[in-house]
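Number of protein chains: 4
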Amino acid sequence: MSLHFNKETLLEYVEMIFPQIRGEFQIDHLDNGLLIVRLLVHERHLRPGGTVSGPSMFSLADISVYLSVLAAIGPEALTVTTNCSLDFMRKPVSEADLLAHCKLLKLGKSLAVGDVLIYSDGMDKPVARATMTYSIPQAK
Amino acid sequence: MSLHFNKETLLEYVEMIFPQIRGEFQIDHLDNGLLIVRLLVHERHLRPGGTVSGPSMFSLADISVYLSVLAAIGPEALTVTTNCSLDFMRKPVSEADLLAHCKLLKLGKSLAVGDVLIYSDGMDKPVARATMTYSIPQAK
Amino acid sequence: MSLHFNKETLLEYVEMIFPQIRGEFQIDHLDNGLLIVRLLVHERHLRPGGTVSGPSMFSLADISVYLSVLAAIGPEALTVTTNCSLDFMRKPVSEADLLAHCKLLKLGKSLAVGDVLIYSDGMDKPVARATMTYSIPQAK
Amino acid sequence: MSLHFNKETLLEYVEMIFPQIRGEFQIDHLDNGLLIVRLLVHERHLRPGGTVSGPSMFSLADISVYLSVLAAIGPEALTVTTNCSLDFMRKPVSEADLLAHCKLLKLGKSLAVGDVLIYSDGMDKPVARATMTYSIPQAK
Chain L
1 MSLHFNKETL LEYVEMIFPQ IRGEFQIDHL DNGLLIVRLL VHERHLRPGG
51 TVSGPSMFSL ADISVYLSVL AAIGPEALTV TTNCSLDFMR KPVSEADLLA
101 HCKLLKLGKS LAVGDVLIYS DGMDKPVARA TMTYSIPQAK
Chain X
1 MSLHFNKETL LEYVEMIFPQ IRGEFQIDHL DNGLLIVRLL VHERHLRPGG
51 TVSGPSMFSL ADISVYLSVL AAIGPEALTV TTNCSLDFMR KPVSEADLLA
101 HCKLLKLGKS LAVGDVLIYS DGMDKPVARA TMTYSIPQAK
Chain D
1 MSLHFNKETL LEYVEMIFPQ IRGEFQIDHL DNGLLIVRLL VHERHLRPGG
51 TVSGPSMFSL ADISVYLSVL AAIGPEALTV TTNCSLDFMR KPVSEADLLA
101 HCKLLKLGKS LAVGDVLIYS DGMDKPVARA TMTYSIPQAK
Chain C
1 MSLHFNKETL LEYVEMIFPQ IRGEFQIDHL DNGLLIVRLL VHERHLRPGG
51 TVSGPSMFSL ADISVYLSVL AAIGPEALTV TTNCSLDFMR KPVSEADLLA
101 HCKLLKLGKS LAVGDVLIYS DGMDKPVARA TMTYSIPQAK
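Protein chains in written order, with this note's numbering: chain L, 1 to 140; chain X, 1 to 140; chain D, 1 to 140; chain C, 1 to 140.
Hints in this document: simulated from the structure, not taken from any laboratory. Take the hints with a grain of salt, since some may be wrong.
Since the list gives no way to pick one copy over another, a pair counts as held whenever it fits inside one copy or between any two copies.
[Said to hold, decoys possible] Lysine-lysine pairs mimicking PhoX-like chemistry, simulated, CA-CA at most 20 Å apart:
| no. | residue 1 | residue 2 |
| --- | --- | --- |
| 1 | K109 | K91 |
| 2 | K125 | K109 |
| 3 | K109 | K7 |
| 4 | K7 | K91 |
| 5 | K125 | K103 |
| 6 | K125 | K91 |
| 7 | K7 | K103 |
Build the full structure now, drawing on both the sequences and the hints.
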């Protein structure tokens with residue numbers, strides 16, 4: 001399977017359709033089997049004690065699977081999340097970026113399933129895991 | 001079971017420990033069996049097309065279960081989310097507030113489980129559902 | 001919405017297409033908003049200590065949502081489970097039947113979502129909750 | 001971390017405490033990072049059309065995480081499942097065994113989280129994925 005984007009064009013495309021995420025994310029790696037997305041952690045992502053908030057981790061997991069699906073199927077802005085499960089397993093390291101390692105487990109005609117492990121930059125055990133299902137609109 | 005807070009004191013307490021959420025949420029109803037939390041939808045919660053974003057719905061579900069647990073056990077700021085599952089079922093109504101209806105299904109010594117249905121204000125079918133598990137720190 | 005089956009014809013239909021479940025389940029209640037399915041607990045459903053096994057509870061939740069979908073859309077034997085989340089919250093009562101209370105939260109053209117609370121017969125707090133997503137094959 | 005069991009003693013121990021699963025499972029691989037459990041597929045695991053049933057896949061995922069936890073912490077028969085999420089992604093191959101590849105993502109003092117990919121023997125894409133949370137009883 002060849003990808004429809006590279007790291008640069010994929011981020012550009014998503015920031016064009018979702019301008020509000022500009023400056024939030026960076027793509028560290030993209031190939032057929034793995035996408036690595038970095039959440040550039042700022043003050044607004046933190047909870048008291050310096051830990052990254054749950055909604056920030058949800059956003060990171062969600063965008064990672066979305067980007068993986070787009071890379072595989074090409075621009076389909078209407079793709080929507082239908083289901084997610086998340087396990088929060090460890091406290092993120094204070095003030096470190098978060099890295100989401102995302103693999104597509106399924107890319108069907110109408111449903112895609114992506115698996116995500118989230119790490120604090122520099123830590124070897126995951127802080128969270130997520131699975132996201134995306135519904136892909138049918139070509140008319 | 002008597003509650004440790006009423007609508008006003010519960011919101012005050014949570015806004016004190018999480019000042020960054022001030023102005024985001026309102027508590028519409030609180031009794032032993034049901035908590036209703038309102039997300040005051042602003043521009044920053046929206047996605048293109050006027051729909052409320054996934055992370056905003058995650059935040060609303062998360063805070064609703066957190067508030068339900070605090071109402072039941074009293075101030076325990078360290079309570080943390082360990083797991084969640086979410087189903088996004090319908091597109092939220094453009095620019096309407098979201099209402100989370102939350103019930104605690106379990107309140108054990110170390111784990112609490114809350115179930116949430118999220119509605120667009122004025123709509124009778126839920127836009128999303130969520131289940132959240134919280135871990136409750138053990139008294140020393 | 002009128003239903004395609006009543007309690008008796010719904011069970012008959014499902015036992016015809018899945019003969020291996022004969023004698024396992026009973027339908028206690030069926031209307032537009034709620035389906036109650038009873039797992040007739042036998043020795044083979046138990047774990048040491050007399051508690052009902054996880055797979056038995058999964059089966060009960062799964063069949064409950066399947067039956068709810070069939071009641072609403074009519075005979076579509078190919079409908080398949082795509083996702084489930086389950087929380088096991090309390091130990092089932094030894095040797096009591098289990099009752100699944102199932103509500104359809106969404107019935108779309110291609111996806112249905114059902115929510116289930118499972119009770120030990122005679123107990124007022126749920127032993128488990130489940131959400132199941134079914135994919136509905138498109139009419140050709 | 002050294003394991004408390006090898007492939008043979010782990011299966012023996014679990015079949016001793018759950019005699020009803022004798023002959024269902026086999027352990028193909030066990031080391032610090034990965035456990036592979038085989039479901040020996042029989043007639044009773046099948047649905048019409050020859051596909052393996054959902055409850056059979058749930059059982060396989062559940063036992064895999066249970067075995068992984070026991071291998072890591074030693075015999076603790078009381079360990080219980082508190083949460084699971086499952087995605088069913090492809091139809092299993094008719095009459096092939098199923099293989100669960102299980103990794104422990106977290107092994108805390110009170111909670112363990114295991115991730116499972118399920119394959120039809122001989123197929124390279126997963127038929128299902130699961131995450132299971134186990135609660136570990138506290139030493140008195």
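Against the structure shown, which of the earlier numbered hints fail to hold, in ascending order? 3, 4
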